[in-house]
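Straight run, no breaks: the sequence shown in the numbering used here ends on number 328.
By construction, these hints were calculated from the structure, which means they are not laboratory data.
The structure presented is a predicted model; accordingly, all values stated were derived computationally and were not measured.
Check the hints yourself; a few may be wrong.
[Unchecked claim] Under the rule of at most 25 Å between Cα atoms (straight-line distance), these lysine-lysine pairs were calculated in the DSS-like manner:
1. Lys168 - Lys60
2. Lys197 - Lys168
3. Lys168 - Lys203
4. Lys203 - Lys235
5. Lys203 - Lys166
6. Lys60 - Lys104
7. Lys166 - Lys197
8. Lys281 - Lys304
9. Lys16 - Lys235
10. Lys49 - Lys168
11. Lys266 - Lys203
12. Lys244 - Lys16
13. Lys266 - Lys235
14. Lys197 - Lys266
15. Lys16 - Lys304
16. Lys266 - Lys245
17. Lys168 - Lys103
18. Lys16 - Lys311
19. Lys166 - Lys245
20. Lys220 - Lys244
21. Lys278 - Lys262
22. Lys197 - Lys311
23. Lys220 - Lys168
24. Lys168 - Lys235
25. Lys262 - Lys245
26. Lys278 - Lys304
27. Lys166 - Lys103
28. Lys311 - Lys281
29. Lys166 - Lys244
30. Lys304 - Lys50
31. Lys16 - Lys197
32. Lys49 - Lys245
33. Lys60 - Lys166
34. Lys244 - Lys104
35. Lys220 - Lys262
36. Lys262 - Lys311
37. Lys220 - Lys266
38. Lys221 - Lys50
39. Lys49 - Lys221
40. Lys60 - Lys103
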Amino acid sequence: MLHPDTLNEIRESRLKCVEYEIGLFLCLLTNPDEIEAVINAASTRDDYKKILGIANSANKEAILNILSYAGMSFLDVSFESQNDDVGPADVIVYAVNRHGENKKIGLSIKYDNDVICNYTGRDILTEEQIANLQERLPEFANRYLNEMIERFGTFDEWYRIRFETKQKIASVVTNEYIDIVRDAVVERWAIMSQEEKDEFLYKVYRTDSPLDYWIYSFQKKGQFVLCTNPPYIRKSAYPRVTIKKIAGQYLGFFLDGQLLGKTQVKFNNGIFERYTSKPYKDAIEAGNIELANSIFAQYEVQGKGIMVQGKPLKYGVPFSSWNFEISY
């Protein structure tokens with residue numbers, strides 16, 4: 001079925017990996033007129049050919065077979081990518097069971113990941129902890145620059161690789177800082193009230209999902225994973241959830257020793273980002289270097305970045321975008 005806004009959402013949505021949601025929706029549609037309408041809407045997108053490829057390669061039979069095994073028959077499907085009211089579902093499958101009862105099953109669609117929620121460090125850390133960690137950021141950022149110059153020979157060469165070729169660069173110093181943040185999260189969890197923990201777990205684990213949902217995860221090389229029983233934490237079990245550091249930059253969430261999910265503690269775009277603002281850009285384009293330097297100097301005084309060899313850099317953001325990945 002098509003909601004009033006479905007075709008417009010398909011034309012205009014720029015959400016990450018939305019092409020997989022559109023592709024699976026198209027694959028599951030059965031009404032010829034609706035299929036044609038969705039194809040026409042998708043044809044306006046830059047990723048149109050990719051969407052058609054996803055629709056052709058998605059394993060519709062796996063979904064239909066599991067419905068049949070559960071005593072249900074497929075009726076219809078709807079696109080819910082921007083509808084938060086339906087819970088962790090990007091597409092809803094409508095079915096009828098052997099008793100004639102109508103059922104809804106949400107499909108949470110992923111590409112090569114198991115992220116079910118995005119949250120921020122502030123959902124666990126206190127403002128005091130964050131202020132202390134941010135206060136230490138310039139120290140680590142400067143150490144990071146020295147590490148990069150030692151590895152790449154010059155600041156200009158690091159800058160070229162980091163911002164012009166956009167290569168990801170592993171860093172011992174960045175990992176040290178992330179480890180301090182992870183320690184802070186573990187320490188905070190140990191003293192959080194149960195009410196605070198309950199609020200956090202309720203948010204990230206989608207305990208409030210208004211309908212049953214499955215996870216369809218597109219994998220590389222045409223593979224897929226269909227999980228029809230995502231792990232679910234009952235509220236009564238919340239007090240038994242613990243956090244500890246695990247491999248890499250991750251924090252593991254455990255229930256009675258079993259890994260339920262994990263979070264990668266990370267910067268949005270690295271410990272340094274390239275500084276830009278409209279006033280600064282306008283001044284540069286007008287050739288007014290003095291004004292541009294004055295604009296950035298105000299930013300620098302606030303402790304938000306530094307100028308290195310004429311290139312303005314701002315400190316990265318380590319608390320604003322963390323992912324919760326379920327384990328199953």
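| message | Need the status of pair Lys168, Lys203: alpha-carbon distance at most 25 Å? | response | violated (31 Å)
| task | Could you grab the alpha-carbon distance between Lys16 and Lys235 and see if it respects the 25 Å cut-off? | result | With a Cα-Cα distance of about 31 Å, the restraint between Lys16 and Lys235 is violated, given a limit of 25 Å.
| message | Holds or violated: Lys220 and Lys262, Cα atoms, limit 25 Å. | response | holds (21 Å)
| task | Would you mind confirming whether the straight-line C-alpha gap from Lys166 to Lys244 stays at or under 25 Å? | result | Cα-Cα ~32 Å, so violated.
| query | Given the hint that Lys220 pairs with Lys266, does the C-alpha gap stay at or below 25 Å? | reply | Status holds; Cα separation ~24 Å.
| field | Straight-line alpha-carbon gap Lys166 to Lys197, limit 25 Å | value | Status violated; Cα separation ~38 Å.
| Lys49 and Lys221: Cα distance at most 25 Å? | Status holds; Cα separation ~17 Å.
| request: Assess, step by step, whether the Cα of Lys281 is no farther than 25 Å from the Cα of Lys304, and give holds or violated. | output: holds (18 Å)
| message | Please verify whether Lys16 and Lys311 have alpha carbons no more than 25 Å apart. | response | violated (30 Å)
| query | Are the Cα atoms of Lys278 and Lys262 separated by 25 Å or less? | reply | violated (38 Å)
| task | Compare the distance between the alpha carbons of Lys60 and Lys103 with 25 Å, and conclude whether the hinted pair is satisfied. | result | holds (18 Å)
| field | Distance restraint between Lys168 and Lys103, which requires alpha-carbon spacing of 25 Å or less | value | violated (45 Å)
In this structure, the earlier hints numbered 1, 2, 3, 5, 7, 9, 10, 12, 13, 15, 17, 18, 19, 20, 21, 22, 24, 27, 29, 30, 31, 32, 33, 34 and 36 are contradicted, and the remaining ones agree with it.
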